[in-house]
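A.B. asks: Can you make the complete structure from the sequences, with help from the hints?
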Amino acid sequence: MSGDALLRFADALGREAAAVALPAPAGELHLVTFALDREEYGVPVAQVREVIRVGEITRVPQAPPHVRGVTNLRGRILPVVELRSRLGLAPAALTPRSRIVVVEVSDRVVGLLVDAVLQVAKVPMETVAPPPDEVRSADSDYLSGVARWNGRLIILLELDKALLLHE
Amino acid sequence: MSADDNAFRELLDDYVVECLPLAERVADAFVELERRWRAGEPAEELLASARGTLHTVKGNSAMMGLGPMQELAHALEDLTLRRGEAAAALLVEGAGLLVEQVRAAATGGDPTLTAAFLTRARSVVAAEASGPAEAPERRRADRRGGDGAGNVVRVDFRRLDTLLEVLGEGLIEHSAVVEAFRRVSRRGGAAEGVADLDRSIVALEKTMKRLESVVMGIRLLPISTVFGRFPRLLREIARGQGKRVRLAISGGETALDKAVLDRLGEPLLHLLSNAVVHGIESPDDRRRAGKPEEAVLELSAASHSGRVVIRLADDGRGLDEAKILAKAEAMGLEVRSADPAQVHSLIFLPGFSTAEEVSQLAGRGVGLDVVAGAIHGLGGTIEVDSRPGLGTGFVLDLPLTLAIVRSLIVEVDQERYAVPISLVAETVRAEPEAIHEINRRGVTLWRGDLIHVSDGGTLLGTGGGDRPPRRFYIVISAGGKRRAVLVDRLVGHQDVVVKGLDATLGRPEVVSGTTILGDGRIACILDPMRILDQRVPA
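Chains as they are written, first to last, in numbering that gives the first Met the number 0: chain A, 0 to 166; chain B, 0 to 537.
Heads up, a few of these hints could be off.
Said to hold, decoys possible - Simulated DEER-style distance windows between Cβ atoms:
id	chain 1	residue 1	chain 2	residue 2	range
1	A	Ser139	B	Ala325	54 to 60 Å
2	B	Gly264	A	Glu103	48 to 54 Å
3	A	Glu103	B	Arg181	49 to 55 Å
4	B	Glu164	A	Glu103	17 to 23 Å
5	A	Ser139	B	Arg488	41 to 47 Å
6	A	Asp140	B	Glu164	32 to 38 Å
7	A	Glu103	B	Pro431	47 to 53 Å
8	A	Arg107	B	Asp412	28 to 34 Å
9	B	Glu436	A	Asp140	47 to 53 Å
10	A	Ser139	B	Val490	40 to 46 Å
11	A	Arg107	B	Gly460	20 to 26 Å
12	B	Val154	A	Leu88	28 to 34 Å
13	A	Asp140	B	Arg428	50 to 56 Å
If you are wondering where the hints come from, they were derived from the structure by calculation, not from laboratory data. Glycine included, C-beta positions come from ideal geometry on N, C-alpha and C.
C.D. replies: Structure follows, in structure tokens:
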């Protein structure tokens, strides 16, 4: 499966899901998953607008530390959040697999810089559990849960919290 | 059902759009009427025009089933047949009420607010004065008084925003073509067709410029839309203060971008009420000082090479320099110069108010620093000039629009920034020996004064590290403050289309927005005013 075909699929799915107020079979979670460090993370497909390659990112002076900068998305200015830094992971250099996941949360469009986009997955709801107490901390409310599925562990992100939209 | 609701709401919106300016015009006319009656000047024409306008408001209100407005307009029409102080005061009050009611038309009007007024109005209008005959000429006169209504199409402002956005993209693409052409011609030399392409690009540029001025022209509104409500408000303030003030407005036709106008009303009103409350003396004091009891407050606007200059001058007592200096001392400020201009400009500092009593309208914690901040936020400057006993004047210098800003593009540690050119006083080649260090602060001699020199990299946090000395500095100057900023390269001039700062980016102090350059790269737009205010790091 080519990565780009996957991305287009994710894009199409995202639009469709957003348009058709999610009549997904009850009990399934539609996710776009991506890699950060050695873990797999997931966000709802309905919140993903598209996935783009990493172009030139312009740094913005005095922006919050987890903001990498802004990039030109077809003439619009897209803020790019460095998800690694936001989640407290070590910084990493860009690679050919690096992508920007463009998400729409609370009427705002933001790009998430991730190591790689992995899959569009339908994950059965019963595989999802709240984040274990062991990993919770004062500022961990951007974790909405953990899915154990097909031998994988997918960490589900609560995007509006992860993006500090309610500061 | 909900479609009907929507249709009705749209009609209501239309009603407000049409009637609010009419009601405001009537209100202004009555303020002027009161003055003329008092001065014994003729007012028949004014009255006739106001009656015609009222009639239109009455008709529109009736059509929308807005009883309170209809009755108000009718009562005011009747009142215009009376004469004298009492009638004039009622007319002004009633018209103010009408403006409020029309503005709140979405709620259907509030008869409880208008009832008391109507009772008083009817008691003034004597029983024999039945409603005036409605001469058709009046209505026509009113139409003619409008602004060429026949050729006007109403357009939702958001559509203009979209149009501007598209234009902005066109401008960016044009810059991209120019850039590409430059690269090609550098490499290819005099290949066939290069001259044609060059001509086409120049022609395209002219077309884009024309398109830009047309689009901007549509967005421009006369500043009278802001000035319009001042005579009435001023009258209220003056009456509350027991003062007599005449507002002389000129240049109301000067046009400004709606986005600027929307943010200009508050600061101007603040300056006006300040002038009345603090600047202008009581009638007794004025008589003792040999001045006419009625003070004159002049408000004027004029456009001047892509900017608009607004002046507000009173003939009051002027700023009290001694008091300002005392206050500065109490605040622990060192005042280095006794130059009156320097002393006067202290009033724009935060927490600076020399007014002894806190009045209801001016003062109350909101100082001139807020006004200055609002003006600076619009990319403008504000200056004050004052002479003891003769009055105080404010000069506001504002850009025509917030949407497109002529900028100087500079480079610092490979990062590009746009600096609004209106506040760049000069660009200078930075000779290392011309920059000195005093008390660990860089300074340089510029036009006979020592000014502070900041490193662009430090200011913007580029993290440049070891590097060759920067080759240029730009001098930013506004409101008597100046500062030099060192940069690596001056890239050129460009009209940049301003794009906002997404909330995700926080609130950077030195950056006011972003823009897309010709090569598709994004540059941050620096905020010169905030850089001038920075507490001297580096």
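A.B. asks: Which of the stated hints cannot be reconciled with the structure, identified by number in ascending sequence?
C.D. replies: 2, 3, 12
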